[in-house]
Amino acid sequence: MIGFSRLLDRPARAAVALLLRRDRRAADPSRTALVVVNPIAALAELDPAAASALLRAATAARSAGSTVVIARTASASESTTQALPVGDGELVTAATLSAFAGTGLHDLLTERDIDRLLIAGFPTNLAVDSTARHAVELGYHVTVLADACAAHDRSAHDAAIEVTLPRVVHAIAGRHEHC
Amino acid sequence: MPTRRYIRSKTAVVLVDPYNDFFSRAGRAWPMTRDVALTNRVVPNIRALLSASRGAGVHVTYAPHYRHRRGGLSHRRHPAPSHLLVSTLGMFSARGRGGRFHPALAPAPGDTVASEHETSCGFTGTDLDERLRERGIEDVVLAGALSNTCVEATGRTASDLGYRVTFLSDAVTAQTWRDHRAALANYPLLGRSLTVAEFIAAIEP
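As given, the protein sequences belong to chains A and B, one line each in that order. Counting from 2, one number per residue, gives the positions in the first sequence under this note's numbering. Counting from 3, one number per residue, gives the positions in the second sequence under this note's numbering.
Bear in mind the hints are in silico, worked out from the structure with no lab data behind them. Note that the coordinates shown come from a computational prediction; the quantities given were computed from them, not determined experimentally. Glycine included, C-beta positions come from ideal geometry on N, C-alpha and C. Careful, some of the hints might be misleading.
What the hints assert, rightly or not - A short, non-exhaustive set of chain A residues, derived as facing chain B with CB atoms under 8 Å:
#	residue
1	S6
2	V169
3	I173
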């Protein structure tokens, strides 16, 4: 079912996209953090391209002088699995889905005067989504790195990246445009 | 079918943003929300939910969105899509009808109305958690709008805060069917997903 709503939704989304572009304060790498959510080795089997994009993002963030946060959250029994070698970073461990819930992450970022977050990892529709929503609520400028995210199944990843997260976060990078 | 029963004194229905702008014919967002709302009979379903819950002694709590005032969000350093949509469409006006509760979905004596949330989540920056905790609530049952934004965000945070979460799949509406389906796919992963009738049947006798 497509419905009339889809026709009206397009101009509304276009207006919002236009307004979001006005938020053009140049991104200062020292005030930016990359939040790597659940970098587990299994990601390399599930979606090798996403795993390499995640490693590249971590390397790029580090060389730009940005903070790298490695967040482990409650998701999909990853506690027993090996980690992806994303390198060093500030470690946070959340008991639930959002990397901010019950952790010191917001304080850590506030102390460093960090204003912008790049968020990527696993699973797109669970821990990445919850962390991204929570970050927006807390006032950060949030970009989700779509090509460095993966979910248990492709349709869950696509729904988060194409449908819901564009309504929530400021930007989605690395998305294959087909709308 | 659900087997676990909801204990009345420990369960709260949390109704998110039941404003005219989402649920009334003259509402600013109604041209979008009507597709799912009319097909799924969302307003009659929420009415049935409210009346059964109040009748059974299940607490009803409102999680209302910020009512828009000119310049009221100017402190947001990075306005998010939801802030921009609300201000572009002039939704939830503090002065007009849009920011009033839909007459059939309005609070009744004994219900709780939490303080207003500014973005999507009913908990962030509000007294909702405190209001639920002081009543000893353990189960949060969600209805309202929108399926994949405010309702889902409130459910995600409820779960982060340690509540058991239930989403009522036929008591929520969204901007498009795609949005609604995206939410329905996530609900069972974030908590329980039930219809209003299934929830009412699962309240302890």
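Hints versus structure:
no.: 1; hint: S6; verdict: holds, 4 Å
no.: 2; hint: V169; verdict: holds, 6 Å
no.: 3; hint: I173; verdict: violated, 11 Å
In terms of the numbered hints stated before, the structure departs from hint 3 and from no other.
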